[in-house]
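Engineer: Residue strings, one per chain:
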Amino acid sequence: RIMRPDDANIAGNVHGGTILKMIEEAGAIISTRHCNSQAGEPCVAALARVERTDFLSPVCIGEVANVSAEITYTSRHSVEVQVNVMSENILTGAKKVTNKATLWYVPLSLKNVNKVLEVPPIQYARKEQEDEGKKRYEEQKLDRLETKQRNGDVIFPIINPEPHTVGYSQSSLIHLVGPSDCTLLGFVHGGVTMKLMDEVAGIVAARHCKTNIVTASVDAINFHEKIKKGSVITISGRMTFTSNKSMEIEVFVDADPFVDEPRERYRAVSAFFTYVSLSKEGKPLPVPQLLTETEDEKRRFEEGKGRYLQTKAKRHAQMQQAARQ
Amino acid sequence: RIMRPDDANIAGNVHGGTILKMIEEAGAIISTRHCNSQAGEPCVAALARVERTDFLSPVCIGEVANVSAEITYTSRHSVEVQVNVMSENILTGAKKVTNKATLWYVPLSLKNVNKVLEVPPIQYARKEQEDEGKKRYEEQKLDRLETKQRNGDVIFPIINPEPHTVGYSQSSLIHLVGPSDCTLLGFVHGGVTMKLMDEVAGIVAARHCKTNIVTASVDAINFHEKIKKGSVITISGRMTFTSNKSMEIEVFVDADPFVDEPRERYRAVSAFFTYVSLSKEGKPLPVPQLLTETEDEKRRFEEGKGRYLQTKAKRHAQMQQAARQ
Amino acid sequence: RIMRPDDANIAGNVHGGTILKMIEEAGAIISTRHCNSQAGEPCVAALARVERTDFLSPVCIGEVANVSAEITYTSRHSVEVQVNVMSENILTGAKKVTNKATLWYVPLSLKNVNKVLEVPPIQYARKEQEDEGKKRYEEQKLDRLETKQRNGDVIFPIINPEPHTVGYSQSSLIHLVGPSDCTLLGFVHGGVTMKLMDEVAGIVAARHCKTNIVTASVDAINFHEKIKKGSVITISGRMTFTSNKSMEIEVFVDADPFVDEPRERYRAVSAFFTYVSLSKEGKPLPVPQLLTETEDEKRRFEEGKGRYLQTKAKRHAQMQQAARQ
Numbered sequence: 001r002i003m004r005p006d007d008a009n010i011a012g013n014v015h016g017g018t019i020l021k022m023i024e025e026a027g028a029i030i031s032t033r034h035c036n037s038q039a040g041e042p043c044v045a046a047l048a049r050v051e052r053t054d055f056l057s058p059v060c061i062g063e064v065a066n067v068s069a070e071i072t073y074t075s076r077h078s079v080e081v082q083v084n085v086m087s088e089n090i091l092t093g094a095k096k097v098t099n100k101a102t103l104w105y106v107p108l109s110l111k112n113v114n115k116v117l118e119v120p121p122i123q124y125a126r127k128e129q130e131d132e133g134k135k136r137y138e139e140q141k142l143d144r145l146e147t148k149q150r151n152g153d154v155i156f157p158i159i160n161p162e163p164h165t166v167g168y169s170q171s172s173l174i175h176l177v178g179p180s181d182c183t184l185l186g187f188v189h190g191g192v193t194m195k196l197m198d199e200v201a202g203i204v205a206a207r208h209c210k211t212n213i214v215t216a217s218v219d220a221i222n223f224h225e226k227i228k229k230g231s232v233i234t235i236s237g238r239m240t241f242t243s244n245k246s247m248e249i250e251v252f253v254d255a256d257p258f259v260d261e262p263r264e265r266y267r268a269v270s271a272f273f274t275y276v277s278l279s280k281e282g283k284p285l286p287v288p289q290l291l292t293e294t295e296d297e298k299r300r301f302e303e304g305k306g307r308y309l310q311t312k313a314k315r316h317a318q319m320q321q322a323a324r325q
Numbered sequence: 001r002i003m004r005p006d007d008a009n010i011a012g013n014v015h016g017g018t019i020l021k022m023i024e025e026a027g028a029i030i031s032t033r034h035c036n037s038q039a040g041e042p043c044v045a046a047l048a049r050v051e052r053t054d055f056l057s058p059v060c061i062g063e064v065a066n067v068s069a070e071i072t073y074t075s076r077h078s079v080e081v082q083v084n085v086m087s088e089n090i091l092t093g094a095k096k097v098t099n100k101a102t103l104w105y106v107p108l109s110l111k112n113v114n115k116v117l118e119v120p121p122i123q124y125a126r127k128e129q130e131d132e133g134k135k136r137y138e139e140q141k142l143d144r145l146e147t148k149q150r151n152g153d154v155i156f157p158i159i160n161p162e163p164h165t166v167g168y169s170q171s172s173l174i175h176l177v178g179p180s181d182c183t184l185l186g187f188v189h190g191g192v193t194m195k196l197m198d199e200v201a202g203i204v205a206a207r208h209c210k211t212n213i214v215t216a217s218v219d220a221i222n223f224h225e226k227i228k229k230g231s232v233i234t235i236s237g238r239m240t241f242t243s244n245k246s247m248e249i250e251v252f253v254d255a256d257p258f259v260d261e262p263r264e265r266y267r268a269v270s271a272f273f274t275y276v277s278l279s280k281e282g283k284p285l286p287v288p289q290l291l292t293e294t295e296d297e298k299r300r301f302e303e304g305k306g307r308y309l310q311t312k313a314k315r316h317a318q319m320q321q322a323a324r325q
Numbered sequence: 001r002i003m004r005p006d007d008a009n010i011a012g013n014v015h016g017g018t019i020l021k022m023i024e025e026a027g028a029i030i031s032t033r034h035c036n037s038q039a040g041e042p043c044v045a046a047l048a049r050v051e052r053t054d055f056l057s058p059v060c061i062g063e064v065a066n067v068s069a070e071i072t073y074t075s076r077h078s079v080e081v082q083v084n085v086m087s088e089n090i091l092t093g094a095k096k097v098t099n100k101a102t103l104w105y106v107p108l109s110l111k112n113v114n115k116v117l118e119v120p121p122i123q124y125a126r127k128e129q130e131d132e133g134k135k136r137y138e139e140q141k142l143d144r145l146e147t148k149q150r151n152g153d154v155i156f157p158i159i160n161p162e163p164h165t166v167g168y169s170q171s172s173l174i175h176l177v178g179p180s181d182c183t184l185l186g187f188v189h190g191g192v193t194m195k196l197m198d199e200v201a202g203i204v205a206a207r208h209c210k211t212n213i214v215t216a217s218v219d220a221i222n223f224h225e226k227i228k229k230g231s232v233i234t235i236s237g238r239m240t241f242t243s244n245k246s247m248e249i250e251v252f253v254d255a256d257p258f259v260d261e262p263r264e265r266y267r268a269v270s271a272f273f274t275y276v277s278l279s280k281e282g283k284p285l286p287v288p289q290l291l292t293e294t295e296d297e298k299r300r301f302e303e304g305k306g307r308y309l310q311t312k313a314k315r316h317a318q319m320q321q322a323a324r325q
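Protein chains in written order, with UniProt numbering: chain A, 1 to 325; chain B, 1 to 325; chain C, 1 to 325.
Please note that the accuracy of each hint is not assured.
[Claimed, not checked] Here chain B is said to cover these stretches of chain C; the calculated rule only asks that three of the stretch's residues, wherever they fall, bring their Cβ under 8 Å from a Cβ of chain B:
hint, stretch
1, 21-34
2, 52-66
3, 91-101
Keep in mind that the hints were calculated from the coordinates and are not lab data.
As the structure is a prediction and not an experimental result, all values here were calculated from the model.
C-beta: ideal position from N, C-alpha, C; glycine also.
Just chain A, same shape as in the assembly:
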């Protein structure tokens, strides 16, 4: 679809969250269609996880985003979908790859939302494809368990913080879940949650560096718990790490299903977003260093640095491999 002013920041760059929402909608359509392709209980595919994804080039207002999706692996209870986004300038005809994302969906019964159904297997062109898919499946399963444990953290408010400290830029947003945010099952679309997460992360980044910022990448996101229509969700973000030219922001989503059912607030999702600061000409700008104060902040900074160096090393290895081929 055509990117509109409302999809973009004031410099005309489309928000990463808008792209993530389109990706998720495409993934939900193809996996719901696949899981209902054989006779049996009707179901809706719910997003369980999005793998780490890089925003390779910014999209601008007036460009057309083309989203294509393909199922690349099925386990007994989950579907792996590969989604590609190409942006096309219809005036010049120029096309660019914007995103390649991998999403995992789980089919939930339309009659009983707590029942996970079986996924019809797909046919692989080559045996290796199945083996590689299985490897990816096992890896993400492990990672999902790990992040579930990390999930208890809470963001405490800070009064009168100094510039460039963690407390200075941390932000939170509340949102009342309306009908248009939800699937047929009455639970929030994963894409809606990601869009709100990107919005908070963007505000944290902008508060820190006070320039025009764009999403550079999103770490793997796990959706631990569903969020019901009518809930109030609180999305909180805090900066965890800065390199010379990037900022890492941790985002939490907490749900308060306060109207219908007497349940405590719970952590539904958490993730890391990486942002860069851009000049008016679209060039990356240096980012002010994050000032860490508490022990926890220093520990999180080091962990962020670890993720940053790991990603850098991986990208280097991929480029070398690509050069050899």
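Using the hints provided, position chains B and C relative to the given structure of chain A.
Structural biologist: Relative to chain A, chains B and C alone:
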């Protein structure tokens, strides 16, 4: 994309206006892309006309609408696009054709919005395709001239109207044109206008028959004048004709560009929408007869009857032709 | 326009904020049109104040809201607009008055946003109308000055609050101001701000009483400062008072114009919203008493009680007057 609760009426049927907006967006993309396919002045395709289109089957919340577009004819300054909409229930896999629409676009220069550029010609598989396209082109050109003259009418408010009179159900809506309503040129997307027109027509129809109603068809719509960002548009609708099971509503769009330029209010678009009333099971219900009072109302009723009978005759002829083949 | 699912809470009652936004749009259109009715510098009318308004009856999904606006007084630099909202059930034909609101607008030059232009005078049918208008004008001017002073308060976060305390329900929301939120001048529409304020107030009310809630009234709102496109606004709400069946919530709007101009965060608007809790049958429910802890909270509770008793007395006087006539 997936149809959401906000796209639909309270019975769950997606508004015709939502479908029209998607059709127009697809048409605008394909024709803008085509008109920029050769080196030259960059341009944006502006909607000039939509041919009469029938809503063959209702779309429901949760279904996926697949829109495909193809260029079928080019004249020197205009592009004919054929757009098809299929609705797909991704739970059952059932697909239905919802709409087939024909739209005409005109390329306007990005630098000078009053300059119409030339359209690169397309290749036809067979000579007859070009000839048929040319015939359609001539026909719509004639029709466009005709409706331009009809365009001066105004809807006057009526105080304490009787049920089922024209004054009883007539309605109008004003809308302030915002940035997301507009193209890169700063003019309202044709699709946005059509969505608002359908909204007003739907209110007129519901006021008249007080049941659940859906768009059955839209007569050819001509876009005589562009509408600029920041304008206030008034969309007015009045019932012109009722058959046993359908209602015809005439809709006018008037624009007030009152801020930027000291220009008079002008008529930008006008069209006829046909609605039917549906029972809870989705079956057509009888419609109360429209009570005409003034000479003008009686005349418009007769004209509406003429259009109704003509459409019926055409459809009959098509079915006979299809049966012979 | 027709009320859609996203305009309403899960019980189907349309949010007060949606109504406030429509009221403001109507007021902005009529006053902008009036201020541009004579030759001179083009201008846009900016909302300066909304008088206290009661929500007389709830509006539901599927109903049509009819908004009508009329200019009732002009001073040299401001316009008073009276807006009435009627809700109409188009299936039954039943109509109810939903709102009567009075708004004050100020014309700002399109070329220089800091320049307030002169308002063309209107003609009054009777001399008394002008005198009464002048009295209202003087009164609101006084009140605007008063609230400007009250405006410095800040909401501090509380950790692990007890149920029914002020800290337990207080909430805040951040919003990045996008193009669709803004007028042609690039400043946020008053109606957009009011909608967000109502959203926060509603979440505070729902957190406190954990039932379905609706807006009952809004105290006079003064718009002290404009908010620019690209700003981040923080809308915070805290409960100040509860009677047996109503809750008063104070809402603040702070703006952070952090990207373009290096200006400090400032208070743009503040107001009091009154909410009631409704049973599934739409009857008012008793509300849990607010637990006040600090001296400030106790003081604000007493002030809220004062406003509550004053409003009650005024309404009583009006009813007696009406009975005498």
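Engineer: State for each hint whether it applies.
Structural biologist: Here is what the structure says about each hint:
1. Judged by the Cβ-Cβ criterion of 8 Å, the stretch 21-34 of chain C is covered by chain B as claimed, because 6 of its residues qualify and three suffice.
2. Look at the stretch 52-66 of chain C against chain B: 3 of its residues bring a Cβ nearer than 8 Å to a Cβ of that chain, three or more, so the hint holds.
3. For a cut-off of 8 Å, the count of residues in the stretch 91-101 of chain C with a CB near a CB of chain B stands at 3, and the three-residue condition holds.
Going through the hint list in order, the structure satisfies each hint without exception.
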